[in-house]
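Participant: Below, each chain spelled out in residue letters.
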Amino acid sequence: MTFDQVLEAVSGEPVHRSSRWTTQSVKHVVTCDLMSDVLVSDHDEILLVTSLPSDQVARTADMVGACGVVLVNGKAPQPSLVELCTRFDLALVLSPLGSFEASWRLGERLRGRP
Amino acid sequence: MIPIDPNASPSALLELIYRLKVKDIMTGQVKSVEKDTSLREIQRIMRENKVSGVPIVEDSRLVGMISVDDIIRALDQGYIDSPAAVHMSRKLVVLEDDMPVSFAISSFEKYQYGRFPVINRARELVGIVTSRDVTSGLLMEMNRSLEEMERVLNLQAAPGPIGQVKRVFLVQQFDYENAGRASTELKKILQDRGVDRTLQRKAAVASYELEMNLVNHSLGGRLIFHVDDEQATIEAVDQGPGIPDLAKAMTEGFSTANDWIRSLGFGAGMGLPNTKRVADEFDLQSAVGKGTHVKAVIHLKPRPGDKP
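Chains as they are written, first to last, in my numbering: chain S, 1 to 114; chain W, 1001 to 1308.
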């Protein structure tokens, strides 16, 4: 799944397009508001879906080598979160959808369903 | 008396007393009373709250002040049961919360009072400032600035033996603004050394878990990295409070985190178990009242018996 497909799936708005925006292939999605749980995930280059708009989201995503963050529930990111995503070269997408709806739609895309 | 001479102090200190505002050093949540409160009641409040002055308010506006001297006089002259309004000082010198601390210092010099009430722009009482607040506020800020300087110095630390890197980071309790910075640095060191991505992630996760533990649970401590070609060692050393039950702390899901920590996305009770899970070597020592020392080692060159 490309980032453009992610955008479409979650009716998203891109806040930061990482340098790999057009080349990155998203294979795993982790939805979580508890960053402790994200740190337990073993997949490479995950897309992190969360409703937590704090700096620690970017830091956690960077630690686990995630490729991007989708901030759901129409949450506005703190300016420092945008700055950190830019510094860590993480894609940041805002979505008006709730966690479940966004995850379900991303799951359908990952399974190749439109 | 505040031992700061505005004409002959180091410029760093002068910069501080202009940069810091009265609201940064004052004691907020002041115990104030209405003007019909008896002096006896005020005496009790002083004793219980260990304060030497109580502001008198009317609809949150400051109208007077009763000091311990007023109470002594009342006891001496036998009017301790009369209301505050009759005996309070009405000619008050107040400070505004947005004023620089330098104003507070000159007021202490000029008026020789023990305390000044602090009001906001709406003229409401928001705090009280004593000379002790000024000195401790300045000390705290100087301490913070020094720690920041140490942090910067560490970033520029002299290189050790060729191929080895050592870094020490000071991590402060509840410092969520800087939480994670040290681990970001470790990840960058490993990245620059061309370490495999999976190993980078293991080391970064171990380091971040330990760093967040220091921020969330310790009284502050240090995060120490040693990296060479063979391994990355991460040590978290704190000054307390220590872990009462190590077995419980190593149990997944057990956490002493409060709701506030959880609202920031941490405190799932996974920190130490997850650090152990990703590390090739793990050691935990702790003593209540002394502190905790955690060591996690990630092998950068695979060894027999390593985790996949």
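Among the hints, erroneous ones may be present.
[As the list claims (entries may be wrong)] A few chain S residues that face chain W, going by a derived Cβ cut-off under 7 Å, partial list only:
#1 V30
#2 L34
#3 M35
#4 D37
#5 L39
#6 H43
#7 L52
#8 Q56
#9 R59
#10 M63
#11 G65
#12 V82
If you're looking for bench data, these hints aren't it; they were derived computationally from the structure. We put the CB at the ideal spot given by N, CA and C, even for glycine.
Participant: Decide, hint by hint, whether the structure agrees.
Facilitator: Hints, one by one, checked against the model:
Because the beta carbon of V30/S sits about 13 Å from the nearest beta carbon in chain W, more than 7 Å, this interface hint is broken. The interface hint given for L34/S is met, as the beta carbon of that residue sits about 5 Å from the closest beta carbon of chain W, less than 7 Å. Interface hint status for M35/S: upheld, as the beta-carbon distance to the closest one in chain W is roughly 4 Å, under 7 Å. Of the supplied interface hints, the one on D37/S holds, with its beta-carbon coming within about 6 Å of a beta-carbon of chain W, less than 7 Å.
This hint holds: L39/S has a C-beta 5 Å from the nearest C-beta of chain W, less than the 7 Å allowed. With its C-beta approaching chain W no nearer than about 10 Å, H43/S sits outside the 7 Å limit, and its interface hint is violated. With its C-beta approaching chain W no nearer than about 5 Å, L52/S sits inside the 7 Å limit, and its interface hint holds. Interface hint at Q56/S: satisfied, since its Cβ lies 6 Å from the closest Cβ of chain W, which is below the 7 Å cut-off.
Contact between R59/S and chain W, as hinted, is supported at the beta carbon level, the nearest pair being about 4 Å apart and thus within 7 Å. Because the beta carbon of M63/S sits about 4 Å from the nearest beta carbon in chain W, less than 7 Å, this interface hint is met. The criterion of a C-beta within 7 Å of any C-beta in chain W is met by G65/S, whose closest approach is roughly 5 Å, and the hint holds. With a least beta-carbon distance of about 16 Å to chain W, the hint placing V82/S at the interface is violated under the 7 Å criterion.
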